[in-house]
Structures are given as structure tokens and as C-alpha cells.
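Visitor: The primary structure of each chain is shown beneath.
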Amino acid sequence: MTNEELEILINEYIDGELDKNKEGFLFTQLSLNHNLRDYFKKCCLLKNEFQKTTEKYPDSLDSNILNSLADIGIKENIISPKNQMQKYFLYMVVIVIGIVSIIFINESSINSRQLEKTVMQLENQEQMIKLLINSIPSAEIKSTREESIIITANKM
Amino acid sequence: MRNKNQNIIQFTIFYNRYKEGLYNYCIKMLYNRTISQDIIQNVFLKLFQNMDSIKNFDTISYWLFKTTRNEIFSYLRKKKVRNEHLEYYDTNENENIANDHSNYYDVYDKKELNEIVINELKNIPPEQSEPFFLKEYSGLSYKEISSIMDIDEDLVKSRLYKTRQKLIKQLEKKYENGDLL
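Taken in order, these protein sequences are the chains called E and Z.
Quick note: the first sequence uses this note's numbering, first residue 5, plus one each step.
Quick note: the second sequence uses this note's numbering, first residue -7, plus one each step.
Next comes chain Z alone, as it looks inside the complex (with noise of 0.2 Å):
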């Protein structure tokens, strides 16, 4: 049993840790920075509330990025967003959400490749890049990402090589004269 003190050096330790990566796959999921706050704001509460329980700390991160997508879905599911989500990922079109948060991307608009990677990202569905963000910011291995989103370890892999794919095509395009790299 651990005490107090104990748990609140803990929780400051992985709440440093993992803020920055938990906030942007957040944002990456929703395009809103509002509600992508809240959530992490009861993400890290739960983790709070949690430290007692938690038994095993090896696999924190696992849970807090599984915790915050469980935080994700929930959200959509109660604003009956997810309806257009599940279209969105039918029909690989997703104007809605760009043009819900057209000022998001303002930030990156003087740094070209950041644009490119930000505005394919927008074009590809979010069940497709969802592995891609979780591997980019949380650093998971292939079986907990799999674990996480409730698919085959081997779609996983799939999908995050679809997503580069289509990142790369996307910044070969714009360097179509061969000065990419």
C-alpha cells in the first residue's frame, strides 16, 4: 500500500510525462481545443482518484492514453457526433470538421511541410490515423495500440503504413521537382 505523499510524487511524474502527448492526440482526434482540454482535465483527475488502485505503473501509459480515448468516444458519442464521424469514415470526406475548425491550422500555416502533414491528415479517416497518433505520441507498441482500439495487431501495422504512405505522396507532391529531401 502506498501512501500519500507517495502517490502525489507519482501522479506529478507521469502527469509530466505524459501531458504534452495525451493533449495532442487529443486535439489530432477532435480538431477542438476546448473540449481536448476537458478531457485531459478529467483524464488526470481520474488518474488522481485512481493512484490507489492502479496496481501495476508499468503499463500507466497504456492506461492513460486508453482512459483518454475511452474520455473521446464518450464525448462524441454524447454530442451525437460520432454519427458523422462513422460517415465520415465511409465516405473519406471530411469538409464538416475542416471547416468546424478552420482556424485550428492557422498556428502552422507559415511552416509548409507542417501543413502538408496537417492538411492530409484532415483528409485521411480518423480510424486510419488514429494508430499513427497514438504510436506518435504515447510510443506503444503495436499490441497495446491494437489492444486499444479493439483491432488486429496486424491493422495496426497496416494502417500506420497506409497513413505514411499518404503523408509522403502528399509531401512528394508538393516537391515534385525532387528538393524534398
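Just chain E, with the same shape it has in the complex (with noise of 0.2 Å):
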């Protein structure tokens, strides 16, 4: 392995990126090698400098965010109240539509029974008329000539 690619894996080790396995040959490495072991003593000297360089999280920005979060809040407060009016009413639109609807199919089925009733008294009065056809009693028409014609009705 060369030199730079030692350093590589002292880079992703750095990182928190190296394999575990590869963690024991780069620590014999660094036993080994004295220029190796000077460049993971600058690695961690430079990571160590690095984070010095971090700046304080400003105060100012803190309340900056807070108040901005409120307003969000009081805006949903503001808001909420016409979004709970809408709410009621399609509740009241729902329940009037299913009133309207409950309405509809009992009258529906008033009628379909009324239909039933109409059919079936269409059916006995038709009954009714067979009947009254059948009791009327048979006619005979004989004739008075020799050749006879009889005409008979009412017979099934």
C-alpha cells in the first residue's frame, strides 16, 4: 500500500468511516510507520483546530425563530375557527342530504307497495271478468233448415 493510501484510511478512519477490519492493519501501520503516525497527530490537531472555529449559535436568532414559530401559531389560531366553521357545515350539508335521501326512499317505497296493490287489483278484476265470461251460460242457434248450423259460445 502506498503512502497515500494509508492516508486515505486515516481519513476515513478519521471520519468514522474505515471498515472494522481494516482498523488493525492501519494501527500496525502506525506502529510501523513514523511519518504515517505524524500524519494522524495533524489529522486530529486539524480536526481539533477546525471545531475552535465554530461560531456561537447567536441569541438573537434564537428569538428571531421563536417568534416566528409564534406567529405561525397565531396564524393557525386565526385560521382555525373558519376551517372548524366550514367543518360544521358540511356536517349539516352531509346530515340534510341524508335526511333528503332517507325521505326520498321511504316515499320510494310507499309507492312501490301502492304499485303492488294497483297490479294486484288489476290482476283479481281481470280474474273477475274471466270468471263473469265463463258464467254466462252456452247459446245454441239451430237453424230451421235441413242443413243444421249450430253455433255454440261459451264453450272451453
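Since the hints were made in silico from the structure, they are not lab data.
For clarity, every value in this text was computed on a predicted model and none was experimentally measured.
Be aware that a few hints might be false.
Stated by the list, open to error - Which bits of chain Z does chain E cover? Going by a derived footprint, with three or more residues having C-beta under 8 Å, they are:
{"no.": "1", "region": "10 to 20"}
{"no.": "2", "region": "31 to 39"}
{"no.": "3", "region": "141 to 155"}
As the list claims (entries may be wrong) - For lysine to any residue, the following SDA-like pairs were computed, each having C-alpha atoms within a straight-line distance of at most 25 Å:
{"no.": "4", "chain 1": "E", "residue 1": "K60", "chain 2": "Z", "residue 2": "I46"}
{"no.": "5", "chain 1": "Z", "residue 1": "K(-4)", "chain 2": "Z", "residue 2": "I46"}
{"no.": "6", "chain 1": "Z", "residue 1": "K114", "chain 2": "E", "residue 2": "A74"}
{"no.": "7", "chain 1": "Z", "residue 1": "K47", "chain 2": "E", "residue 2": "A74"}
What the hints assert, rightly or not - Under 8 Å between C-beta atoms, here's a sample of chain E residues computed to sit facing chain Z:
{"no.": "8", "residue": "I12"}
{"no.": "9", "residue": "N15"}
{"no.": "10", "residue": "D19"}
{"no.": "11", "residue": "D23"}
{"no.": "12", "residue": "N25"}
{"no.": "13", "residue": "K46"}
{"no.": "14", "residue": "C47"}
{"no.": "15", "residue": "F54"}
{"no.": "16", "residue": "K56"}
{"no.": "17", "residue": "T57"}
{"no.": "18", "residue": "Y61"}
{"no.": "19", "residue": "N68"}
{"no.": "20", "residue": "I69"}
{"no.": "21", "residue": "S72"}
{"no.": "22", "residue": "L136"}
All C-beta atoms in this analysis are idealised placements derived from N, C-alpha and C, irrespective of residue type, glycine included.
Got two chains here, each in a separate frame; can you build the complex from them with the hints?
Guide: Okay, structure coming up:
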């Protein structure tokens, strides 16, 4: 392995990305190679020094963000009654539609029952008519001539 | 579905955990405190508004740094500073940024090693130093950084290595006599 490849391994180790299997190999190389140890120390030093350049998070930004969040909260509260009104209105509409549909269903069932009754009545009347027709006595017409003509009615 | 109180608690945890890293990442990218503060404010407002829609909190640091990066580049595009930056990437000259924000690093005047690190970072093209900032401030993996920056994972590794090499060289120059360590 070249020096550069070993240095890349050190970088990976510092970044917490080095494969656990390679750690043993890296530490062995570190114990053998003085330059590599030097580079490792410099990387650690650099990491520490860079961390020191971290700026403190400003308090003013804290309060700005909190105020903005409070504004969002107020807006939500202002908006929410409207939403609630809309909700109630929708509930009302749903209830009205429900009542109207129940009335329609009721009406249609009444109508269908009436229709059935009418059909029944019609059937009864039809049977009555048939019975009346059947109850009429048969009529025979006889001619007085030699060639007799017999007309019979109501013979089923 | 989380309720409002749970969201507020989660938000507070994330805010306290990531605010400093995001703020410093932003500053290192823009060299401007005021703009950085505006961007951080926007990012956390977006987080608060999207708490319900974020399904997986395990990747929240990725979400935050990605959103911050988008905000940074959106700002650069809006102000047409992006072109200057691209030019800067090519020419490797950052005098304009350094001059514009010459007072920014005054805080570090007395800290010699910090000063060297900061000054050298100004000389490194942003596209090369960005993985270094992301790694140091977010602790994201190479894979996540490559996804945020939309570049190859090996390129992230190589840029991190090169940035460290440059910074270490500068530290060595400062202490040529060998009293660095």
C-alpha cells in the first residue's frame, strides 16, 4: 500500500467510515510507520483546530426563530375558527343530504307498495272478468233448414 | 399520525441538536452572518411546517443539511452571486469573497492555528471544501454527503482528503521549525 492510500485510510478512520476489518491493519501500519503517525496526529490537530473555529449560535437568532414560530401558531389559531365553521357547515350539509335521502327512500317504498296493490287489483279484476265470462250460459243457435248450423258460445 | 405537542417536542430536540452545525455550515459557505441567519431561520420554519409530512425522523440531519444547501444555492442564484462563485471555482481566486467579508475572521485574529485554518479554507474552492464542512458539522456519511451534493461517493472522499492535505500543508508551513506537534 502506498503512503497516500494509507493516508486515505486515516481520513476514513477520522470520519468514522473505516471498515472495522481494516482498523487492525491501520493500527499496525501506524505502529510501524513514523510518517504515518505524524500525519495521523496532524489530522487530529486539524480536526481540533477546525472545531475551535465554530461560531456560537447567536441568541438573537434563537429569539427570531421562536417569534416566527409563535406567529405561525397565531396564524393557525386565526385560521382554525374558519376551518371549524367550514367543518360544521359540511356536517350540516351531510346531515341534510342524509335526511332528504331517507325521505326519498321512504316515499319510493310507499309508491312501490301502492304499485303492487294496483297490480294485484288489476289481476283480481282480470280474473273476475274471466269468471263472469265463464259464468254466462252457452247459447245454441239452430237453423230450421235441412242443413243445420250450430253455433255454440262459451264452450271452453 | 403525531399530535401537535409531539411535533413541538421533536422540533425542539432537532433545533437544539442541529442549529449550531447548520449555522456554521452556512457561514462557511457564504461568509455572511446576516444571510446565514436568514437562511437558518427559513430552514427551521420549513422544518416546523413540515413536521407532519416528515415520516422518517432518522434521516432528519440529511433533510436539514439538504434543505440548508438548497437555500444557500437558491440565495446565490437569486443574487446572481452564483456566477461569481462558478468563476471562482475555475480560477481558484477568492479575493472578492475575502475582501467582501474581510472583517468576518477578525474574531480569530488571536488564535494562530485557527487563523491559518480559516485563511486556507478561503483559498480552497467551495466545491472542494463543502464536503469537509458537511462532514465536520453534520457528521453525515460519505454516501449521504454525495447524495446532498449530487456527486460520486469517491469524489467526496477525494475532496475531503485534498482539503485536509491543503490545510495540513499550511499548518506545516507555519511551523517549519517542527514545533507543530
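Visitor: Mind checking the alpha carbons of Z:K(-4) and Z:I46 for me, to see if they're no more than 25 Å apart?
Guide: holds (13 Å)
Visitor: If you take the shortest Cβ to Cβ gap from E:I12 to chain Z, is it below 8 Å?
Guide: Holds: closest Cβ of chain Z sits about 6 Å from E:I12, inside 8 Å.
Visitor: Grab the minimum C-beta distance from E:N68 to chain Z and call the hint holds if it beats 8 Å, violated otherwise.
Guide: Holds. Min distance 6 Å.
Visitor: Given E:K56 as an interface hint, is the shortest Cβ-Cβ distance to chain Z below 8 Å?
Guide: holds (5 Å)
Visitor: Once the shortest beta carbon distance from E:F54 to chain Z is found, is it less than 8 Å?
Guide: It holds, given that the least Cβ distance between E:F54 and chain Z is near 6 Å, below 8 Å.
Visitor: The hint names E:D19 as touching chain Z; please verify it with the least Cβ-Cβ distance against 8 Å.
Guide: holds (6 Å)
Visitor: Given the hinted pair E:K60 and Z:I46, is their alpha-carbon gap at most 25 Å?
Guide: Violated, because 28 Å separates the two Cα atoms, which is more than 25 Å.
Visitor: For the region 141 to 155 of chain Z, do three or more residues have a beta carbon lying closer than 8 Å to a beta carbon of chain E?
Guide: It holds, with 3 qualifying residues against the three required.
Visitor: Close enough to count: is the Cβ of E:Y61 nearer than 8 Å to one in chain Z?
Guide: holds (5 Å)
Visitor: Quick check on E:D23 please, does its C-beta sit within 8 Å of some C-beta on chain Z?
Guide: At 12 Å from the nearest chain Z Cβ, E:D23 fails the 8 Å test, so the hint is violated.
Visitor: Would you check whether E:N25 satisfies its interface hint, that is, whether its CB is within less than 8 Å of any CB in chain Z?
Guide: Nearest chain Z Cβ about 17 Å off; hint violated.
Visitor: Does E:L136 pass the interface hint, meaning its C-beta sits closer than 8 Å to a C-beta of chain Z?
Guide: violated (76 Å)
Figure legend: structure checked against the earlier numbered hints; hints not met, in rising order: 4, 6, 11, 12, 22.
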